[in-house]
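Novice: Work the whole structure out from these sequences, hints included.
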Amino acid sequence: MNPLTGYLLVAALLFAIGLAGALTRRNAILVLIGIELMLNAANLNLIAFWRYGPHPEALTGMMFAIFSIAVAAAEAAVGLGLVISIHRHTHTTDLDEMNRMKG
Amino acid sequence: MSVVFYLIAGLSVAGALAAVLLKNTVHCALAVTVAFAGLALMFLELDAQFAGFAQILIYIGAVAILVVFAILLTRGSDTPTDTVFSKKPIVGLVTAAGIFAIFGWAILHSAQFLPHQTATPSVTVMDIGNALMGRYVLPLEIVALLLTAALIGAVIVAMHEKAGAK
Amino acid sequence: MQEGQTFHCMFDCGPSAIAQMLWLIPAVPIFASGIIAVLKQPRRKTASTLAIGSLSFSLLLALIAFGHVLSGWTNGQAVRETVNFTWLQFGANNVDLGWVLDPLSAIMLVMVTFVGLLIFIYSTGYMAHDENYTRFFCFLSLFAGAMLGVIIANSILLLFMCWELVGLTSYLLIGFWYLKPSAAAAAKKAFLTTRVGDVFFLLGIVWLFSQTGTLLFYNNGAGSIEANVLTALLSQHAAFGLTAAGAIGLLIFAGAAGKSGQFPLHVWLPDAMEGPTPVSALIHAATMVAAGVYLIARVYPLMQAGALTGGTTAALTVVTWVGAFTAVFAALIAVAQNDIKRILAYSTVSQLGYMMAGLGMGGVAVGMFHLITHAFFKALLFMGAGSVIHGCHEEQDIRRMGGLKSDMLVTFLTYTIGMLALCGFPLFFSGFWSKDGILEAAQHFSVSKVPFYMLVFGALLTAFYMTRQMSYVFFGVNRGAKNAHESPRAMTVPLTILAFFAVVLGLIGTPAWPWFRGFLEGHSVNFAWSGFAEPGLPTLMTASSVVVLLGIVLGLRLYGNNTPRPDESDVLERALPVPWKWLHNRLYMDELYGITVIAFYGWWAQVADWFDRHVWGGAVTAVAWAFGLWAQLNRFLDTNVVDGSFDKSCEELSTGGGLLSRMQSGRVQTYLRLLALAVIALAAILIWSSRA
Amino acid sequence: MIEKVDQIFVILGHWLVSFLPSTLQPAAMVLLGVIAIIATFPALFALTVLLERKGLGRMQNRYGPNRVGPYGLFQPIADGLKSLTKEDIVPLSADAVVHFLAPVLLVVVVFMGYAVLPIGRNMTLVNMDAGLLFFFAIGASSELSVFMAGWSSRNKYSLLGAMRAVAQMISYEVPLLMSSVAVVMMTGSLSLGKIVDAQNQYTHGLPHWYIFTPWGFAGFILFAIAATAETNRSPFDLPEGESELVAGYFTEYSGFKFALFFLGEYVGMMGISGLGTTLFLGGYSAPFEVLGFVPSWIWFFSKIMLSMCVFIWVRGTLPRLRQDQLMNFAWKFVLPLTLLNVMVAGLWRFMGDGWLRWAVCSAILLLAYVTMARLGMRKEHFGPRSYRYAE
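Chains as they are written, first to last, in my numbering: chain W, 1 to 103; chain B, 1 to 166; chain U, 1 to 692; chain E, 1 to 391.
Don't read these hints as lab results, they were simulated from the structure.
Only pairs whose alpha carbons sit at most 25 Å apart, straight line, appear in this in silico DMTMM-like list of lysine to aspartate or glutamate:
no. : chain 1 : residue 1 : chain 2 : residue 2
1   : B       : K88       : W       : E97
2   : E       : K156      : E       : E242
3   : B       : K23       : W       : D94
4   : E       : K194      : W       : E57
5   : E       : K194      : B       : D47
6   : U       : K189      : U       : D609
Specialist: Given below as structure tokens:
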């Protein structure tokens, strides 16, 4: 088997798991964790394509992954800040109960 | 496909599954850390040394800690007594399974077209630095701006509101 | 050094380290000024320490630069190192800035930083009781930086920028005591008068740039005052039979005349004495007013372009005539003034005339030598005057002084040295040698002998009015109200140092050892007594000595021991009442300007005002009225037509929105599911379509 | 001969490995290195603990351990035996798996850091291109083990200690990284080997260590402060402040697990000292050219032990900070200074050679230090403490 296929399959699996987590968990933080997993799966794709692609010295995929990691860090910080802020108002992290647009 | 790959892939998938399935939120956070570590190892396996270490530094050193902090600050560390899944979880599961099915199908059917470079790319940290300061300097600056904005935003969002400010 | 900066060099090497660091010399005082500007008012000690410290640093660097040039010269090569860089780019043109280290700038740097430092120190004593001490040092420091910028500039644009900064600080410092109406008026007058010259200067710059395409003076042969560019300029012809080079030279000279108080733009300089005395000493005697002379020296190749051997050019002839005329004119007025600083101011104008004439007739070295010596002894005289004023409790009228030689011994001795140097007392004082150089050049002037006689007459007048002033101030009996006292050490020590230099500086420019000329022009010098024996020189020296002695004797005879009391009229006034009246009133120059230029502008302003009120104002009112009418109409339409239909459509929208809002459950995961399902659908469509 | 002594361990390793078939040799060499590290540093740990107890004793005017063996020299062995034989207590409500994993993880990551440290000439286990990044990445992981220990114990002291420790380590990781960035900027490499090589030169017999430059000196001081905080040492030892939190995050640990924590802490200290040595003190290079004959690894270990002594000395001297002071110090003093230091390093790099850059760089740093210290001192008013939770 082409090694790239293996990595892509693992990435797809992780993506699906992350998506399942994001779709099914009640806790907002765990939804965020699911989203992080999906981002990571995408990063794995980028790196794998970079490694097995025709022009690794152009560094495109690698750069994408690095920027994506940086953006994910920002996303996590803001997302968790929001969760904490919402928790302060509603005393819950349950997404099913967070259905009001106003805090 | 080496044994190492299967080991790492197994570790990552197991970590991810545990993160999604476990009841206790802190256990989930620790499990996702395992998944992150597995992915970092996979990056190393793919000769992306810098990205791998960045993954460890940022995901394990920062994101995981942040998640754990958020869990503790929101009193989510106790194991919930009732279900941890939302209403109609089956819809979500089916959707996720559908996505995986489509992806898997697409990957397996395009396997013979996929590129396959066996030569290890010789990319040093110096090259990455040059690329960041050269071709990718604008994205770098934008990411810097984004991170600053995120820092300020996160602080403001999570800041304790003054009494009577509501 | 930043990247993208290009280095140009005259020799085999890049510019030396000191040339590259030359920008620090102006930058440090300007930086210090910036810091002082944000200091609180009571931080007096910090302010003066910063100013003095920064200028000392500049002096140190200037000395190093001077040493570098000197060592290059002794090794037999003329040092001219430039550092240029591009400031702006537009179209095909570059706006280049840069700085240059050559003998001219090196010697000026040392002079300005040294005299400036002494005056800074002096100021700590003179301004000790002033409330705005901090502000004063801020301005002084800014001035020093800007002046040093003028000196090192290798780009006429950079020079102009610093030039204007210098003008600004001059304005700020003349009007330092802005609560005094006369000071505020004097500041305004100085600013506007010099601006007249600067407009011409700017025109000259623009013309030069359009003709040569470069703003740099020296740029490896491509600079605007280097030989091949000048040849091109000479082939261009402007109006009145002038070449472009000559016309540009004249325009630049107009700027220099404004800054250096040459006739007819001299009127601001005597009024500028309203500023604090250190300011008068630093800006209006030693450095800024010399900037005009320095400018002419800097662009001298341009002024001289096209001259035949031993000949002269139209531009230089104009410089000479204006300079010589100013020299006599101002000296005449100085005879009949009673304000101690005003006399010195007119004397400065007169001496600047000498420098200009020297430049015009004898070249850079002659004019610059007088500039350097004059800077020292005139700063000395002004600071001495400041000391006298300080000692006499802010009294400036020489008729109310007298007999101070015993009360203020140090001031008296140093002032006498300065006065003798200014008069050109033979052999032992620097003024003698520098003025002699100018006279010698005038004697050999090919166009006319008149400037020579004018300058000799000016020398006589100089000796006379200085003797008159000395007699009034230091001899006789005290006619003032209070007892005088000697000034603090912070003021007397700089006086002593300057006095020392007022004497010894002459030694570097004697005919026997013309070190200064050699240094500036880059050829070696040997000491030879035979320098005195050039044809005509001994006669000239004797003649000028006689003239000076004559002036002094005349002054002493008239004023020596019987100086009149304040209520009496002057000795000369009794003898020659009508000329005295004219001279005392400064030949009615201010009044002349008042009824011509200023009256014209006043009339023009009235016309403009009338136009504004009636023509334009009427039009504006009419337009406003029309718009008011239009607005009324709109309001009617709005309330009846637009609002009605808007209300109706809003109702419809809210009904429709109610239906759509059912879909917005507020549950994040519902949205997420929809999103994922959409992705699946999209992917399915994509795959299905690609198979088909 | 000198060369031989310097490379004695390398030669020894090659000799030992040469008995194996050549396919196995690289792996065996790595394994040997790992064994050497795992053997050496715990031994040093034992020595350091004894040194600390003795040194602190002297500083507090008492003897310190002096019963077991001559001068108490066998005290570490006794301590070790005691830890091994004590009962391993796990609280009933504790999360047993996480409770067990925490100390293991700590020790593992702490030892992993040594993989990239150049211990002597040609004595780096893995000479990787991004060595510094590896060290920091691994160091960041140790925070997780601290959290695991604190959370799994189900003890409020443990949890509070862990939260304090993690907050503190995150806060001080930033200045730690930033002060190293200056070195990376000057060397142009993340490889620790290259960083040492860049410093291993001499002019007039004096070394080119980064500590002998204005930015390097400032960077080293800031690095040392951040490293002290990062290893939870006094005066930043709030997470285990015994007067407040019993023993912080390892309150509920006993026996061998406790010994592992203890080991992890000291080996971590040595690791970060080794990093500081590598970054600023020229790594394994000799302080004077004439002393170049002394084997390089001796220099490395001497420098590490010297910084351990400084750690002990600081612990014996300074009182513990309060939590808000700790955070203010990190974010409002150390971090701005490290950022400034990075800029100064850039300035230094571009100002060319000469005395001017010395003057300018030192002046900027000194001015910033004085100003910030003054500002910090001025606003010090001690109001009532305020506690912030998310609700």
